[in-house]
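Engineer: In case you want the letters, here they are:
2 protein chains.
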Amino acid sequence: MGVQERRARERQELRGEILEAARELFVREGVDQVSMRRIAEKIEYSPTTIYLYFKDKAELIDCLCEETLGKLDRRLTQIENSTPDPVERLRRGMKAYVEFGLKHPNEYKVAFMTELKPDELAGGRAKAMGQNALNHTRSSVKQCVAEGRMHVDDVEAAAQNIWATIHGLTSLLIVKTTFPWADRSKLLEQLVDTHIAGLMAERTVPAL
Amino acid sequence: MGVQERRARERQELRGEILEAARELFVREGVDQVSMRRIAEKIEYSPTTIYLYFKDKAELIDCLCEETLGKLDRRLTQIENSTPDPVERLRRGMKAYVEFGLKHPNEYKVAFMTELKPDELAGGRAKAMGQNALNHTRSSVKQCVAEGRMHVDDVEAAAQNIWATIHGLTSLLIVKTTFPWADRSKLLEQLVDTHIAGLMAERTVPAL
DNA sequence: CCATAAAATTAACGGTGTTATGTTATATCA
DNA sequence: TGATATAACATAACACCGTTAATTTTATGG
Chain A
6 MGVQERRARE
16 RQELRGEILE
26 AARELFVREG
36 VDQVSMRRIA
46 EKIEYSPTTI
56 YLYFKDKAEL
66 IDCLCEETLG
76 KLDRRLTQIE
86 NSTPDPVERL
96 RRGMKAYVEF
106 GLKHPNEYKV
116 AFMTELKPDE
126 LAGGRAKAMG
136 QNALNHTRSS
146 VKQCVAEGRM
156 HVDDVEAAAQ
166 NIWATIHGLT
176 SLLIVKTTFP
186 WADRSKLLEQ
196 LVDTHIAGLM
206 AERTVPAL
Chain B
6 MGVQERRARE
16 RQELRGEILE
26 AARELFVREG
36 VDQVSMRRIA
46 EKIEYSPTTI
56 YLYFKDKAEL
66 IDCLCEETLG
76 KLDRRLTQIE
86 NSTPDPVERL
96 RRGMKAYVEF
106 GLKHPNEYKV
116 AFMTELKPDE
126 LAGGRAKAMG
136 QNALNHTRSS
146 VKQCVAEGRM
156 HVDDVEAAAQ
166 NIWATIHGLT
176 SLLIVKTTFP
186 WADRSKLLEQ
196 LVDTHIAGLM
206 AERTVPAL
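Just so you know, the protein sequences line up as chains A and B, in that order.
If you're matching positions, the first sequence starts at 6 in the working numbering and goes up one per residue.
If you're matching positions, the second sequence starts at 6 in the working numbering and goes up one per residue.
I should point out that these hints are in silico values taken from the structure, not numbers from a laboratory.
Check the hints yourself; a few may be wrong.
Any copy will do: because identical chains look the same in the list, a pair fits if it lies in one copy or spans two.
[To be verified] DSS-like cross-link-like pairs, simulated, lysine-lysine; straight-line CA separation at most 30 Å:
{"#": "1", "residue 1": "47", "residue 2": "100"}
{"#": "2", "residue 1": "191", "residue 2": "60"}
{"#": "3", "residue 1": "147", "residue 2": "60"}
{"#": "4", "residue 1": "147", "residue 2": "62"}
{"#": "5", "residue 1": "60", "residue 2": "76"}
{"#": "6", "residue 1": "191", "residue 2": "122"}
{"#": "7", "residue 1": "100", "residue 2": "60"}
{"#": "8", "residue 1": "47", "residue 2": "191"}
{"#": "9", "residue 1": "147", "residue 2": "122"}
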C-alpha cells in the first residue's frame, strides 16, 4: 500500500507550491505585500488551506528566509574552508555578507532588521540561523589573535562589532535607496579595510 | 474679532492632543501598535477626525519622529560646538548617536530602519532630518584629514562608513534584544576605538 | 455501498487605513 | 433676532488583513 506515501508526497507538493507562490510575492514585494489571500489566489486554493500546512504567516515567511539564509551560511563555510589566512578570511566573509544582504534584501530584513515578538519564542529559525554568521566571524578573530595579528582584549566583543559594522552598511544600503551613496564597492572595500586596520593596530590598553 | 485666532489656536490644541496620544502609544508599543482608532479612543474623538489634522498615519508618525530626531541633531550640534578636537568630536558624536538610538528605539526604527515608499515622495521629513547626522560626521572627518590626523582618499565615503558603523551597532542592539551581547558600553567603546584607529592608521594607497 | 477520516471550503470575527456622506455646532450677515 | 454659510466632527462604508470555527467535499478502507 503506497497510498500513505503518495498522500505524504502530495502534501509536500502542495506545501512546496505554497512556498513557491509566497516566495514570488515575497522577494518581489516584501513581507508586507505577502498576504494569505494573495498566496491562495496564486495557487488556486482557499486562503485557510494554507493553515493546514503552516501554523501562521510568520512561520511561512520564516521558512522562506531560512532557506535563503542557508545560502549565506554555506557561502561563509566555503570561504572558511578555502581561505587559510584568517585576516583574508575575515575580509572575504565580510564582503560576502554584505553582498548577500544586497542580493536578498527582503530575507535580510526579516532575519536582521525586525524583532520577533516574545510570543513566538519557538519561531525565528531564520533569525537564529542568521546569527550563526557570527560564529564564523568569531573563529576567524580568535585565530587572528592567536597568531598575534590582532590585539583585542575581548574576542567576543570584537566579533560582535565586526557583525555590527557590516550589518550597518548592508541595512543602510537596503533601506536608504535614494540616498546619494558613494560607490558601493568602494564603500564596502573601505569599510572592511578600515575596521580590520583598526583591529590590527589597536593596543589592549591604549592610554596608560 | 480674534475669533479666527482662537479657532487657529484650538485647532493647534487638538492637533497637539492627537500627537500626544499617538506618541504615548508609539513610544510604548511601536508604530504597528499605533492605530487611528486607538488614538481616537484616547482623545475621545472619532477616528476620521484625525484626518482633518494629518494627511494620513504616515504623516502623523513622521511628525512624532521629526520632533525626536531634532533632539539628536541638537545634541550633535552641541557636541560640535563644545569639542574643538575633531577626533574627540567624532568619538563623542558616534557615542551620542548610538545612545540616542537606544533611548528612542521606535523613532530610530522609523527614521533609519524602514524605507519610505516611492509614492510618499514628499513625506519622510524625519528620515531626511536623520540623514542630517551625516553632515556633522562629514565636517569632522574633513577637519581630521585637513589636520593630517586621518588619511582617507574619499572623505564622503569615510563619513558614510562611520554612519554605517554606528548604525549597525545601534540597530542590532535594538532588534536583537535576546542576543547574548557583550557589555553594551564596552561594545560601543571598542567599536568607536577600532574604527577611528583604522581611519587614523590607514594609508591612501596601501598596496603599491 | 457505507462509514470514517482527511482535506478543503465557506462564513465569520475582529482588526486595519482610508474615503464619502451625513450631521451638528458655530460664526457671519440681513 | 433669524436665516445662511461654513467649519468641525461623526457615521457608514470600502477594501483589505490574519486567523478561527463550522461545514462541506473528497478519498480511503472495510
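Engineer: Each hint should be assessed against the structure and marked as holding or not.
Structural biologist: Going down the list of hints, with the structure as the test:
When the C-alpha separation of residue 47 and residue 100 is checked against a cutoff of 30 Å, the pair qualifies neither within a copy, at 36 Å, nor between copies, at 49 Å. Taking identical chains as interchangeable, the C-alpha atoms of residue 191 and residue 60 are never at most 30 Å apart, the minima being 44 Å within one chain and 40 Å between chains. For a Cα distance limit of 30 Å, the shortest separation of residue 147 from residue 60 qualifies neither inside one copy, at 40 Å, nor across copies, at 54 Å. Within a single copy, residue 147 and residue 62 get their C-alpha atoms no closer than 39 Å, and across copies no closer than 48 Å, so neither meets the 30 Å cut-off.
Proximity of residue 60 and residue 76 under a CA criterion of 30 Å is satisfied intra-copy only: 24 Å inside one chain copy versus 43 Å between copies. Taking the shortest alpha-carbon separations for residue 191 and residue 122, only the inter-copy value of 27 Å comes in at or below 30 Å, while the best intra-copy value is 37 Å. With identical chains, the CA atoms of residue 100 and residue 60 are never at most 30 Å apart, being 36 Å at best within one copy and 42 Å at best between copies. For a Cα distance limit of 30 Å, the shortest separation of residue 47 from residue 191 qualifies neither inside one copy, at 41 Å, nor across copies, at 50 Å.
In the homo-oligomer, the alpha carbons of residue 147 and residue 122 never lie at most 30 Å apart, since the shortest distance is 33 Å inside one protomer and 42 Å across protomers.
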